[in-house]
Structures are given as structure tokens and as C-alpha cells.
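Colleague: Starting from the known structure of chain A, arrange chain B on it as the hints suggest.
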Amino acid sequence: DAGVIQSPRHEVTEMGQEVTLRCKPISGHNSLFWYRQTMMRGLELLIYFNNNVPIDDSGMPEDRFSAKMPNASFSTLKIQPSEPRDSAVYFCASIPTPGDFLAYNEQFFGPGTRLTVL
Amino acid sequence: AQKVTQAQTEISVVEKEDVTLDCVYETRDTTYYLFWYKQPPSGELVFLIRRNSFDEQNEISGRYSWNFQKSTSSFNFTITASQVVDSAVYFCALSEYSGGGADGLTFGKGTHLIIQP
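Taken in order, these protein sequences are the chains called A and B.
Sequential numbering from 1 applies to the first sequence in our numbering.
Sequential numbering from 1001 applies to the second sequence in our numbering.
Simulated from the structure, these hints should not be mistaken for lab results.
Don't be surprised by glycine CBs; every beta carbon is placed ideally from N, CA and C.
It is possible that part of the hints are untrue.
[Claimed, not checked] Which bits of chain B does chain A cover? Going by a derived footprint, with three or more residues having C-beta under 8 Å, they are: (1) 1022 to 1028; (2) 1041 to 1052.
[Unchecked claim] Under the rule of at most 20 Å between Cα atoms (straight-line distance), these lysine to aspartate or glutamate pairs were calculated in the EDC-like manner: (3) B:Lys1016 to B:Glu1044; (4) B:Lys1003 to A:Glu44; (5) A:Lys24 to A:Glu62; (6) B:Lys1038 to B:Glu1015; (7) B:Lys1003 to A:Glu18; (8) A:Lys78 to A:Asp56; (9) A:Lys78 to A:Glu11; (10) B:Lys1003 to B:Asp1022; (11) B:Lys1003 to A:Asp57; (12) B:Lys1003 to B:Asp1086; (13) A:Lys68 to A:Asp57; (14) B:Lys1070 to B:Glu1010; (15) B:Lys1038 to A:Glu106; (16) A:Lys24 to A:Asp63; (17) B:Lys1109 to B:Glu1044; (18) B:Lys1038 to A:Glu44; (19) B:Lys1003 to A:Glu106; (20) B:Lys1038 to B:Glu1010; (21) A:Lys24 to B:Glu1044; (22) A:Lys68 to A:Glu44; (23) B:Lys1109 to B:Glu1096; (24) B:Lys1109 to A:Glu18; (25) A:Lys24 to A:Glu106; (26) B:Lys1003 to B:Asp1029.
[Unchecked claim] Computed Cβ-Cβ distance ranges for the label pairs, DEER-style: (27) A:Thr97 to B:Glu1056: 22 to 32 Å; (28) B:Ala1001 to A:Met40: 16 to 26 Å; (29) A:Ser73 to B:Ile1114: 36 to 46 Å; (30) A:Pro61 to B:Phe1047: 41 to 51 Å; (31) B:Gly1062 to A:Gln17: 38 to 48 Å; (32) A:Gly3 to B:Ile1011: 28 to 38 Å; (33) A:Thr97 to B:Val1024: 27 to 37 Å; (34) B:His1112 to A:Glu106: 19 to 29 Å; (35) B:Thr1072 to A:Glu14: 41 to 51 Å.
The following block holds chain B by itself, in its conformation from the complex:
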């Protein structure tokens, strides 16, 4: 069975601080995908990144960066120089690939990130 754990329920930092959101996953499959989604107060789910299980390269997109380490089954997300607009709930998710296509997403419980001005 697959599982995603986001141990940090809520994080509060002051604007311009760096913050890292942790994600640990469990799966028996060798082919899978990992995702991060953002849910702002308005409620929609905004896609941030996707990684497949063979691509361990870290990625940077502006102030956002992701660290995928299969050895520790982790896919952590770092926001550099945080801004108030980054305040949201962030979800890590896992999807296994079953040959005929991708399965549904298994989400973590989410981390509520609060950026104080």
C-alpha cells in the first residue's frame, strides 16, 4: 500500500525566511510519480511539480526548489525568501504507474504554511 506522510501540520515563519516542507513516502512499486500541489485560501489545487521515480535530479524554479532522495524516500520542498503570497496549504502526493496508465493520487495530510509580514 502506498502512503505519504507530511509530519509538519503547520509552519509559521516571518516573510523572507527560508522554509522547507517535508514529505516522506512509501510504495512497493519501482515506477511512480511524486507531486506537490498548493491550495491557497481560495480552495483550488495548483500544480507545482512532478517527478518520476527515475529522475532524482533536484529542481529549482524561481524561489522554489525540490529535493528528491530515493534513499530516504523523501521529496522535500523549499521556499527561499518566503513571501506572504506563499501562505497556503501544500500537499505532497504519490501516484503509482500500473502499465496501463497512472493511478490516482495518494495525498499527504498537507502542511499549512503561514508567512507573516
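Only chain A is shown next, with the shape it has when bound in the complex:
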């Protein structure tokens, strides 16, 4: 199995530029999550989708961040315009939406995208 795929793996950009991070969840998984990891704040949830619908975006830091899931096999996280404080590792994760409480196992994480904004 391919696992969760993220691209690019590394991105270096200049302040003010638009950045788009991409995620392909595991086939058949109905829920997708975006996380950000920084030294200061640790790992934090940004947004998650169930069946392509955004459920909770309260973790999105500000209007410069937006996320979409146009279909079950693809999601994007966009930062426009980017700022140096956005530098972080961004992880995408997916799960098959559990039908009942006991069915949930683990979140499958992608390898992450390391973003550096100069």
C-alpha cells in the first residue's frame, strides 16, 4: 500500500509568495487531517475533513491559510501570502471514518512537508 502521500517534501520560498501543499490520503479513507509542527507550538491540528467536507477549521491560524478537498483522493493546504513564521513541517493524515467507537485504530501520517519561508 502506498500510504499517505505528500508533496513537495521540501519547499523553500520567499516571504509574500503563495505556497500550496498537497496530500493524497490512503485509498478508501474518508477523513483527512492537516497538522503543523513547530518548535514553539509542537504538533497542532489545523483542519480536518470528513467525506470531503471541512468539519473543524478552528486551528487554522489566520485567513492567509486555506484548505480544500475537492475529491476523496486529494487535498491542498494553501498559504497566501506566506510569512517566515509559517516555517514548519506540515503533516497530512488520514483514517477510514470509523463506523462505531470501537472501530477506530490509528491516524496514518504522511512523511510531512518541510516549509521554509525566507
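Modeller: Chain B only, in chain A's frame:
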């Protein structure tokens, strides 16, 4: 609001020693999940274990064991006979179950475990 506290920022032990990583959580829900993930220097997040709020049985997997106690809201992780390859950052995480599915994970700040040869 949910919260996960890993009070130990860094632990350093000599190889073959036993080590316990502490995790304390807060939630108002009665249905939730607890997790441990490992992040080696390469940066990926490796799933170790999941427990749901109704399953307080301790679990052992090789040199790893987990102690879940709802009475103290703790989910501690013990490595027996530690090895250099265990060196990593370990994260405890919590997810509430909202009927329609599982919410995102709330992570602790992580414990950096250093195993010295």
C-alpha cells in the same frame, strides 16, 4: 477543552535501563482515544498504540508496555531494557469521539528520549 501534558521534556538514560514516559490528559468526554506516536530523527510519525476510554487493560508489546489509568487520567509508556534505537521524541495524543467520527488529535509537547550507549 482537551489537553495532553507530557511533563518530561527530555530524558536521558544509559542503554538497558528501563524508562517510563508520563502522559496526563484532560477531557470532558466519556468516549475518547489515547495514542502514543514515536518520531525518530528522520521525522516521520510512527504509530505505537491506541486505547479507547473503555479499555483500561494494560498492554505489553515486546519491550514496550502501557499503563492506562482513568482514575488519574494518565496513560504512561514504559520501555524495558532500552536500546539506542529507542532514541526519539515520543508523543502522547488524545482524540474525542463525536458520534459522526473521530476528531483530530491533540498532542502533548513530546518527550525527547536519549538512550546513551
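Colleague: Against this structure, judge whether each hint is valid.
Modeller: Each hint tested on the structure:
1. 1022 to 1028: Answer violated; 0 residues pass the 8 Å Cβ test.
2. 1041 to 1052: It holds, with 6 qualifying residues against the three required.
3. B:Lys1016 to B:Glu1044: violated (25 Å)
4. B:Lys1003 to A:Glu44: Judged against 20 Å, a Cα distance of about 12 Å means the pair holds.
5. A:Lys24 to A:Glu62: violated (24 Å)
6. B:Lys1038 to B:Glu1015: holds (18 Å)
7. B:Lys1003 to A:Glu18: violated (33 Å)
8. A:Lys78 to A:Asp56: With Cα atoms ~17 Å apart, lysine 78 (chain A) and aspartate 56 (chain A) stay inside 20 Å; holds.
9. A:Lys78 to A:Glu11: Distance ~13 Å between lysine 78 (chain A) and glutamate 11 (chain A) Cα, so the pair holds.
10. B:Lys1003 to B:Asp1022: Measuring from Cα to Cα gives roughly 14 Å; hence the hint holds.
11. B:Lys1003 to A:Asp57: Measuring from Cα to Cα gives roughly 18 Å; hence the hint holds.
12. B:Lys1003 to B:Asp1086: violated (26 Å)
13. A:Lys68 to A:Asp57: holds (11 Å)
14. B:Lys1070 to B:Glu1010: violated (25 Å)
15. B:Lys1038 to A:Glu106: holds (13 Å)
16. A:Lys24 to A:Asp63: Between lysine 24 (chain A) and aspartate 63 (chain A) the Cα gap is close to 24 Å, so the pair fails against 20 Å, i.e. violated.
17. B:Lys1109 to B:Glu1044: Holds - the C-alpha atoms of glutamate 1044 (chain B) and lysine 1109 (chain B) are around 16 Å apart, at most 20 Å.
18. B:Lys1038 to A:Glu44: Holds: lysine 1038 (chain B) and glutamate 44 (chain A) sit about 16 Å apart, inside 20 Å.
19. B:Lys1003 to A:Glu106: holds (19 Å)
20. B:Lys1038 to B:Glu1010: holds (14 Å)
21. A:Lys24 to B:Glu1044: Roughly 16 Å between the alpha carbons, so the hint for lysine 24 (chain A) and glutamate 1044 (chain B) holds.
22. A:Lys68 to A:Glu44: Judged against 20 Å, a Cα distance of about 18 Å means the pair holds.
23. B:Lys1109 to B:Glu1096: Status holds; Cα separation ~18 Å.
24. B:Lys1109 to A:Glu18: Violated, at roughly 29 Å.
25. A:Lys24 to A:Glu106: holds (17 Å)
26. B:Lys1003 to B:Asp1029: This hinted pair holds, its Cα atoms lying about 12 Å apart.
27. A:Thr97 to B:Glu1056: 22 to 32 Å: Cβ of threonine 97 (chain A) to Cβ of glutamate 1056 (chain B): about 26 Å, so the range 22 to 32 Å holds.
28. B:Ala1001 to A:Met40: 16 to 26 Å: Between alanine 1001 (chain B) and methionine 40 (chain A), where Cβ atoms are some 20 Å apart, the hint holds.
29. A:Ser73 to B:Ile1114: 36 to 46 Å: holds (40 Å)
30. A:Pro61 to B:Phe1047: 41 to 51 Å: This hint is violated: roughly 26 Å between Cβ atoms.
31. B:Gly1062 to A:Gln17: 38 to 48 Å: At roughly 47 Å between Cβ atoms, glutamine 17 (chain A) and glycine 1062 (chain B) fall inside 38 to 48 Å, so the hint holds.
32. A:Gly3 to B:Ile1011: 28 to 38 Å: Distance hint for glycine 3 (chain A), isoleucine 1011 (chain B) holds at roughly 30 Å.
33. A:Thr97 to B:Val1024: 27 to 37 Å: holds (29 Å)
34. B:His1112 to A:Glu106: 19 to 29 Å: holds (22 Å)
35. B:Thr1072 to A:Glu14: 41 to 51 Å: This hint holds: roughly 49 Å between Cβ atoms.
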